[in-house]
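As you go down the protein sequences, you meet chains A and B in turn. Under this note's numbering, the first residue of the first sequence is numbered 1, with each subsequent residue one higher. Under this note's numbering, the first residue of the second sequence is numbered 1, with each subsequent residue one higher.
Simulated from the structure, these hints should not be mistaken for laboratory data. Computed from a predicted structure; not experimentally measured. The C-beta atom is built at its ideal place from N, Cα and C for all residues, glycine as well. Keep in mind that a hint or two might mislead.
[Claimed, not checked] FRET-style restraints, in silico, Cβ to Cβ:
1. Asp-395(B) to Val-116(A): 36 to 42 Å
2. Ile-109(A) to Leu-394(B): 36 to 42 Å
3. Val-167(A) to Leu-394(B): 56 to 62 Å
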Amino acid sequence: MIWLRYNAKEGIAAIALAVLFAGYIAIHPRGFSTYVITIWSNQGALLGLAAIAQFFVVLVKGIDLSVGSIIALTNVAASFLLNGSPASIAFGILAVLAVGLACGLVNGIAVVYGRVQPIVTTLATGGIFGGIALLLRPTPGGSIDATMSDALTYAVAGIPVSAIILVIVLVVLRILLRRTASGPALYAVGSSEQSAYMTGLRVNRLKLIAYGSSGFIAALAGIYVSMVTLTGDPNIAPSYTLNSIAAVVLGGVALSGGVGSPIGAVIGALILKTISSLMFFSGLPPLAQPFFEGLILAIAIALGALGVFRVHSRLELYR
Amino acid sequence: MAEGYVELKGVSKSYGGVPALTDVDFRCEPGRVHAILGENGAGKSTLMKLLAGVIQPDTGTISIGGQTVRFSSPREAAEQGTVCMFQELSLMPHLSVRDNIVLGAPRTRMGLMQRGVYREAREALDLVGARSIPLDARVSSLSLSERQLVEIAKALFRKPKLLILDEATSALTSELVEKVFGVLKMLKERGVAILFISHRMHEVDTIADRISVFRNGRHIETFDVGMRTTDEIVRLMIGRSLEELFPPRRPPVSDTAATVLDVSGVSWQSQLADVSLTARAGEIVGLGGLDAQGQQQIMHAIFGVLRGVTGRITLNGRRLNGLKPPRLKQSDIALALVPEDRKTEGLIPSMSVAQNMRLAALGRAPFGLLDLNGNIEARLHELIERLALTYGSLDDPVATLSGGNQQKVVLAKWLVLSPKCLLLMDPTRGIDLPTKAHIYRLLTELAAGGMAVLLQSTDYEELIHLCDRVYVFYRGRVAKELMGDHLSADALVAASMNVNLHAEARTG
């Protein structure tokens, strides 16, 4: 119960997701089947990972406009590296993850030591990362190991592998954020950098950890994009960036920093994905779909703000 | 004792050419509580910041345990066992109590938190008397005094060798202060060196072994407690005596004076139950009691901050129920509230002194054009004079002022609206004596001018010497109304704990 009280936003988002998902299954011509769930889960996992990447930056009071570009760059890198012998694929995965980590650290260094606003920094670096991706692969292409793709994008015993991957990532992150010293410290930095400094936390290092983690998770997303699409595409950046921001907000992550969880971010991402899938099968004319998509999004966000009515002291509204 | 645990030799520090500490020699020993006294600007905070590693001295050396040290960050100082509790609370509001306590001193094994850590955090909380605070409560849901207790628990958890308390007890009631002092005594016996800064003289008398007085950035004198009378100490600090702190008693307000504020039968949630009180023109009415017994809530209820308040609140016969702050401050009602926490509720720290002072009066400008607001400007300048505000430039961020001057800015911001009724929430918390004296004098003058003043305070002296009447709160109710000869420290304490003094006197 205490969890619900302190995580009401995640709770409400989860309920909204359940409702939307039920609606989606109800109108889908093939109904509840492993195939439908796997497609849904694969799409959700992609945006979910992007949202987790965004979460880490937002947690320390930043905003990352380069998430999509890092995903695009790592996706392109994967299209060069993820084929051949198992050893070279293993090496390729490490290399792609290193690329993502490096991109995140570049952002972090610019923000921490360059003292540039995160929104400006990542706008610039996003251009750079996306630009490199475009130079490496002007048009979509490349090859991805098909066996690996099959293994990671189908289902095992009726459960989509993408869902298993997402759950593993969430469990690992939960342990890291709850049970290690750096976890609460990251939240502290997001809440108040000054207090964190006075408490003797290594504020700069923690922010680098946050940006680095963001880049690393974005690389996971980039690799998974390659698994799903089997190509490297430099043009996927913008939709991931904007949707990842919408997803964290839907999932109860505060843009003012220090509040939220990866689970919330993923729930937010799944809501977004479900809404657009819902539209696809809704039978609405394609030109009317963006309007309804926006409307459902607005209602979902309004649900998250319902907590306002429980407030008895108006002062709380402005905290 | 021959050698000190912490020793400063010839330490000077200046900010942009303005000296904050000049050639200070200072020593404090393990196993003793050393009080630092001085008015604002005397250099106490600078001294603390030097020891805590926030700033570095320009000249001179600091040694700890016989070794010369030079800390470049609070972290390094903490690693050497120096733990500092600053006046400005350093807790993260969104994190749980447990995380706040454990932060910065995590005691991990292989990167993971050890199991015993949370038990230790619980023990630290229990020790300071915060048994009722759950470990997984969010700090943002705690009251100011609960937060101070968490802050103290956080310091304890780090097992300090040198513990610095800067106004650490300012929001605590006497009952809790005693509990905390018990903990300090225990630490003392374990050989911890404790530096204690407080503006409450009786607390210093109770807990300190030695006292050092600072004035104008210089170390004036150090002596054992009991060697000097309170009057002598005050004179060392500020060069004047305690009698001058409170203005002379005012004659009681005549019975014919009009009732300005009339609160009757007000209830809210479980925190206010059938509260009735009045304040007449020219009266200073005190609200006392232990912490969080409803004194703060009744202020918020009157100022329209709370939802779902039942009962009747009137000001000069006009019903206020349901009206919100923007309406209440209009000149036909003219109610003003000086909030408890000046950092977050009273001021916008990054805005300039001048802008902060104009904020409340913004709506008064004709057609919204600020340049036409001549009256307000003139009144502001008069208030700045009257409050003796000390500032560099009116365009400096208000955060650069000392605590006392910040409070003066909050007062000025509301007084410029010429309120008929002024609500004050602990206005002198953590403020130096001269500024206190100044605020007391101002309140007396305002009352003499016909204003009704409602003063909520944690300082008994203030309630006794300044107020005409005091309502003592207990569990959301007015437990007792004290006035005249009945308004004494004993009566206040007894009423706060809801015990009957006369009954006790008879049996005792």
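Each hint, compared with the structure:
1. Between Asp-395(B) and Val-116(A) the Cβ separation comes to about 27 Å, which falls outside the hinted range of 36 to 42 Å.
2. Roughly 39 Å separates the CB atoms of Ile-109(A) and Leu-394(B), a value that falls within the hinted 36 to 42 Å.
3. For the pair Val-167(A) and Leu-394(B), the supplied restraint of 56 to 62 Å holds, since their beta-carbon distance comes to about 58 Å.
In summary, the structure is inconsistent with hint 1 from the numbered list given earlier, while agreeing with all the others.
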